[in-house]
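Asker: What follows is each chain in one-letter form.
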Amino acid sequence: MSRLTSWLRPAYATPFRVAGAVVALIGALLPWATFVLNEGPYPAKATLQFFDAPFALEGYRLHTALLAIAALVVAFVPVPGRNRVLRGLGWGVIAIAGVNLVFISYEGGGFGAVTAAGSVAFGGLVALIGGILVVLGARAGGLESPVHLPVEMPLWLAWLLLLVSFAALLILVSNTLTAGGQGGVANPYSGPIFLSFVGFAGGLMAALHGAGVLPWVSRLSERHRAFSIVILLGCALALPFTGAGTEYWMTVAANIGVYAATAIGLNVVVGLTGLLDLGYVAFLGIGAFVAANLSGAVAANVDITLPFPVAALIAAVVAGIFGAIVGSPTLRVRGDYLAIVTLAFGEIFVRSAQNDIGGLTGGSNAIPGVPAVSLFGTGFNESITLGGAKLPSGVLYYFLIVLLVALVMAVFANLKNSRIGRAWIAIREDEDVARAMGIATGRAKILAFMVGATLAGLAGAVFAHKLSTVSYESFKFLESVTLLAAVILGGMASIPGAVLGASLLFVLPEKLREFSDYRLLLFGLALVLIMRFRPQGLVPDKHRRAELVGEDDEGRPLEESISGEAHLPTLGRPPKEAT
Amino acid sequence: MRNKLVKPAAIVAGALLLAACGTNKTETPAGGGGAQDCDQTKGTLVVGVVAPLSGSLSALGLGIKNSADLAVKQANEACTVKGYKLALQAEDDQANPQIGAQAATKLSSDPNIVAVIGTLNSSVAQNVQPVLADKNILQISPANTNPTLTRGEDFLNAPKRQFETYFRVCATDDLQGPFAANYLFNKAGKKSVAIITDGKTYGDGLAAEFRKQFESLGGTVVAQEKVGEKDTDFSGVIAKVAPSSPEAVYYGGEYPAAGPLSKQMADAGLNVPLFGGDGIFDDKFIELGGKEGDLATSVGAPTDTLDSAKAFVDAYAAGGYSEGYSAYGAFSYDATNAAIKSLATTLGDSGTWGEDQREKLLENVGKYSADGATGEVAFDEYGDSTNKLLTVYQVTGGKWNPAETGTFEK
Amino acid sequence: MTTLFQQIANGIVLGAVIGLIALGYTMVYGIIQLINFAHGEVFMVGAYGGLATYAYILPTQLRADWQIALPAVLLGGMVIAVITAVIMERFAYRPLRGGPRLAPLITALGVSVFLQELVRLFYPDAKAALPFPNLFVGGDLRIPVPGGGEVILTWIKVLLVIVAVLLAIGLQMYVNRSRMGRAMRATAQDADTAKLMGVNPDRVIVLTFILGAALAGVGGVLYGAYQNTINIDMGFQNGIFAFTAAVLGGIGSLRGAVIGAFCIGLIKTLGGQYLPGGTQYDYVWIFVVLILVLVFRPEGLFGEPERVRA
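Protein sequence lines, in the order shown, are assigned to chains A, B and C. All letters in the first sequence, in the order written, are residues 1 to 579 by the numbering used here. All letters in the second sequence, in the order written, are residues 580 to 989 by the numbering used here. All letters in the third sequence, in the order written, are residues 990 to 1299 by the numbering used here.
Heads up, some of the hints might be wrong.
Partial selection, computed: residues in chain A whose CB lies under 8 angstroms from chain C [as the list claims (entries may be wrong)]:
{"#": "1", "residue": "Val79"}
{"#": "2", "residue": "Gly335"}
{"#": "3", "residue": "Asp336"}
{"#": "4", "residue": "Ser352"}
{"#": "5", "residue": "Ile425"}
{"#": "6", "residue": "Ile488"}
{"#": "7", "residue": "Gly524"}
Keep in mind that the hints were calculated from the coordinates and are not lab data. Cβ atoms here follow ideal geometry from the backbone N, Cα and C, with glycine treated the same way.
Take these sequences, add in the hints, and give me the full structure.
Answerer: Next up, the structure:
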């Protein structure tokens, strides 16, 4: 990249920015396709004529125009972190133009979509060029060091600002979930519309990040921790009242929640303690099977019916015990070898569950008919009316799972900053040194496995009731890899990271169901690319970021240069010199 | 350096010029649109499919999807449902119960959904059933053979319908297994058998029902073994069952493993017929190593004797699908047709679809009866197929040939 | 008695396949301490490469002639496997070298999923299992055993065992005697010093991947030939077995990998025969052995004990 753009001079910055913004704006107004995609709402106005209705923009063309106008304004008005903002906006335009250009060309049979039957539709290309020009302009200007906005302010103002920020986040999440509609035959274009919305939202977020707004919000919320947590929880609980409050999205969101809770548990083991666990989904399975057996399902082999909270607690404890057992080899085994031991345990679990070990797992018939959790006579799978609003069925599960995730987060956050949490991090950094510093590494590692497994077991209990059937097929190796991918994608040891990672890994396949055939291919590719280009994940934990890319949490290079390989995190066997 | 700046500018100017001059004011509709002889003015109704479309079971899942698609296309061409266009919406369940429930929820939230065809895996069906039943949406499975899905845990002694919305067109394990046992014991005269299963719902269930009947007839099961889902080397299992010299091997599972198993049995000197269910009744079985004399049961009369079956095979070939219709394609085709034709009956010539019609649709499916690609298609009071006609096929001359057709009576 | 000997023979055949994969695992781990999870997929890709050679390149009239078909298909499988491995090394692993330890392992998982899906989506009809030709003479070898009865092995299985053993010996000789082999051993022992001595680590690593992939390609083709079928899942499971074998034998040791592989093969067949749970649990025994070895003798049967390792 740097070689490609070495010809850029600071003097080009302004002309490029302005030209790019103008070109992108024109692109938004030009026709994008030579034909009408009439099977749905997608580019209903793709062939809108420039002079017929220049202001009747909607959908992705509106988004392009908005980003372009923002870029134009920033090109003239100096704002903090101007070039970073412009870079974000430019990439947003490129993303929208790219997605729609590819899709329209695909639908229109290649280049024919752009030039056919004597008509041309260069909107997409022009917008793309505009976006590239904006990015080049930003690069020519040179990226500023990250902006630091002050966080000292009166309490009421801070609270108000946080409230506004989180409300905006809620709206963004809700809009992203509903972007492009639900897909299906009635709406075959939901995938591209969704992607293009993501491009828009991503561009905006990147611009806000560049202007220092996002880091500022995060610092502000750290200052007012308790308040932020309450508001964030409130926002999560408010999601069913937005456009995303359909049965479908509540089901998806609840599933995401279960996996997010499990991923946070895995984060204790992988992210904090640095022990790679490739069989982690087994603990979710153990929790689920225990809860299913105690739920009074007809197929259960244990003839005891316990109320959900008790069953969940037992599930968590049993999973925790298994966690300690699986963790015990850590006393002797490290690194890659440990990963293989956990993989072996995971495979043994699946195999045993498939063979209906002890009559507890239903074998290949699974355990169906696990009753829904109910409270005061209301089944959690029913729809409810709350304050005049009719909420879809599944919403109670959603609430339950939000609380579960909140609980797991609280456990994780407290552990992380506790004595044992610091011991875990020390083990992750260098086990031998940790031991030399007086940490009982063996106990700490087993405890990490236990805590992780307990959290997963708790999630498993909810999983069993939410799903009503528990089958060994839900706990195969690929599920463990997916969980691991969620943790890594989000950023190891980072709580928001695990939630974000789990959300992405579930929302993307849901939103892009028309490409389901390529799901795993892209999943594999994504793992490779993330490790190559962003090993610290999307929302990196401060410490991890420092280790992996030598930057602090705001992207500034660390002062003390990291000396060679010696400081790289040594998961597993320390470098050869140690022998 | 100057011309580096000029170049992009020139490109942009050129593009703008072209765009400004060349835009054509008439909007040309996409494609030819096809022959629209039918009245489709009332809108689009959706037939959903839930099946594994990605991952290792996708061959079977895609066969289900394509066959359902064929039925929908044919119905649209023949104007089966008056006033409506039908559309197929296939959702991937990744062979994962939880994703299946999610897919079902997605489909069920569409008021225009009339029926869901699926699933492939019984474990996924267990999760899809309650979601669809909640909204009163018709579900017809082409492939679930687990008897508990329709008749509950105690399906033999105290059958109880589980979901009013759930039907299936395939035979359940408790028909196919015993039918196979009868044939093997009485007709083929084999008194001792070894059972091998793949440990999955279909294979285990089928083998269990086979075993019950075979033993009650007085036969001996000399060994029962399980192979791994992903295994292809069966020499260990074969060597284990060989010394008990079974006269036949009953395999509960599907053709991708059954073919090589049969071949490896012969290689290891265990030259006895391999017998399986409809999961191995596929030409691929022979291609993969199925040998002369191997047996399989399948639902319905032999396909050669049924015009409807041949019609399906021809139409599928003409449909230009990139995947074969595989083991459950014909069932899926029949299931989809049952749903569509019942819908046509429900709506009549002038009916209007609404969610209140779903009750009536379920009733009509219960009464539905027609000849399909797998034989007669109709449902009993539990939602099971009434087509109790089963055929035993045998590999002779490198292809499956019918050996006996009959029904299993309890 | 016959059963015991037959199971031992079966175990040895399975062990030969696993051994061909395990050699690649152990070499790569020995040199760059990477558990190349995707190595099992190289084996799978090799099998599909062989099948493609047979189905699309080899003229029909030559297919029946095993003296031509077998080497051609083996070569096809090896070439495809080697190309895959080289691309994988260059674009997935090399950029991560010297980075955090966890990263390559996760990359390897990603490559593994990616390769499986690539074949499933783009090889014709690969969504289901595909038939594979028997590339060798038909018929079988019958060895009488004490107490009557005989052990039966098809000739292709016999060939597989012979080829595997010969290749393992050849590889051992190459590594021990040749110049490049010496460079490999030097890099494995101390990469930095080897570099100072004029060894190009990139070349050594690529060569390691090439050798491993070639063996896996041979394994994939012969595996397909004796099973008469291949599918996209074949790599993952056998890959895990092979890794277990490499660990059991002492990772980094070529001789250990082969002996470990035969042990794994025997555990699977004999465990399925004699241990409780039968064939339902034969995998479980392999994993139990894996865990026990890792916990109690992490250096394996033939590895050098290294205190800091594992």
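Asker: Against each hint, give a clear statement of whether it holds in the structure.
Answerer: Hint by hint, here is what the structure shows:
1. Residue-level restraint check for A:Val79 is violated (minimum Cβ-Cβ distance to chain C is 36 angstroms; threshold 8 angstroms).
2. Hint status for A:Gly335 relative to chain C: holds, with the closest Cβ pair at about 7 angstroms, below 8 angstroms.
3. For A:Asp336, the interface hint holds, since its Cβ comes within 8 angstroms of a Cβ in chain C; the closest pair sits about 5 angstroms apart.
4. Interface hint at A:Ser352: satisfied, since its Cβ lies 7 angstroms from the closest Cβ of chain C, which is below the 8 angstroms cut-off.
5. About 15 angstroms separates the beta-carbon of A:Ile425 from the nearest beta-carbon of chain C, more than 8 angstroms, and the hint is not met.
6. Because the closest C-beta pair between A:Ile488 and chain C is about 6 angstroms apart, less than 8 angstroms, the hint holds.
7. The beta carbon of A:Gly524 is positioned within 8 angstroms of a beta carbon in chain C (closest approach about 3 angstroms), and the interface hint is therefore held.
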